[in-house]
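For the sequence shown, the numbering used here begins at 435 and goes up steadily by one.
To be clear, the hints were calculated from the coordinates, so they are not data collected in a lab. For each residue, glycine too, the CB sits at the ideal point set by N, CA and C. Be aware that one or more of the hints could be misleading.
Unchecked claim - Label pairs and their computed distance ranges (CB to CB):
#1 A557 - L489: 14 to 24 Å
#2 R495 - L461: 36 to 46 Å
#3 S544 - L517: 31 to 41 Å
#4 S439 - K499: 16 to 26 Å
#5 F453 - V480: 15 to 25 Å
#6 F485 - A557: 16 to 26 Å
#7 S439 - A557: 31 to 41 Å
#8 W515 - G540: 18 to 28 Å
#9 R486 - G449: 22 to 32 Å
#10 R486 - L509: 17 to 27 Å
#11 S477 - V528: 19 to 29 Å
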Amino acid sequence: MGSLSSTGIGLGLVGFGVFFILFGMLLYFDSVLLAFGNILFLSGLVFIIGFRRTLTFFFQRQKLKGTSFFLGGVLIVLMRWPLLGMLLEVYGFVSLFRSFFPVAFGFLGSLGNIPVLSKVSRALGRDFTRGCLGSSLHG
C-alpha cells in the first residue's frame, strides 16, 4: 500500500510540475514558475519510480548527452535564464525519451474511436521510429 500512495503522490507532483512549466511558458517564460515546475517534475519522477531507478535511468551511458542537456537546462532556468534553459531542456527531454515516443504514438494510434487522432499518431509514430532507427544506424 505504501508504494501505491507514493506513486499517487508522484503522479500529482509530475502533473503539477507539467502545469507550472506550461503556465510559466504561457506567461512569457516566467523563470520562477518554470523552476518550480522543474523541481516538482523531477521530484515526482523520483516518487514514481524510486531514487535508485531514477539515477540509473538518467545516468546510463547512452543517455548521458540527453541527461546533461536536460539537467543543464534545469540549472540554467534556476539561474533565471528561462528561454535558453527551456531550449536545452526540450532537447535533453527528446533525447532522453526518444525510445518511448514510438510506444506512446502506438498507444494513441490504438484508440480506434478517435479516427483523426489515430491516423495522425500512426503517421507520427512511423516517421519517428524511422528517424530513430536511421539515426542509430548512421552513428
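Going through the hints against the structure:
no. : hint                    : result
1   : A557 - L489: 14 to 24 Å : violated, 36 Å
2   : R495 - L461: 36 to 46 Å : holds, 38 Å
3   : S544 - L517: 31 to 41 Å : holds, 37 Å
4   : S439 - K499: 16 to 26 Å : violated, 35 Å
5   : F453 - V480: 15 to 25 Å : holds, 18 Å
6   : F485 - A557: 16 to 26 Å : violated, 38 Å
7   : S439 - A557: 31 to 41 Å : holds, 39 Å
8   : W515 - G540: 18 to 28 Å : violated, 36 Å
9   : R486 - G449: 22 to 32 Å : holds, 23 Å
10  : R486 - L509: 17 to 27 Å : holds, 22 Å
11  : S477 - V528: 19 to 29 Å : holds, 22 Å
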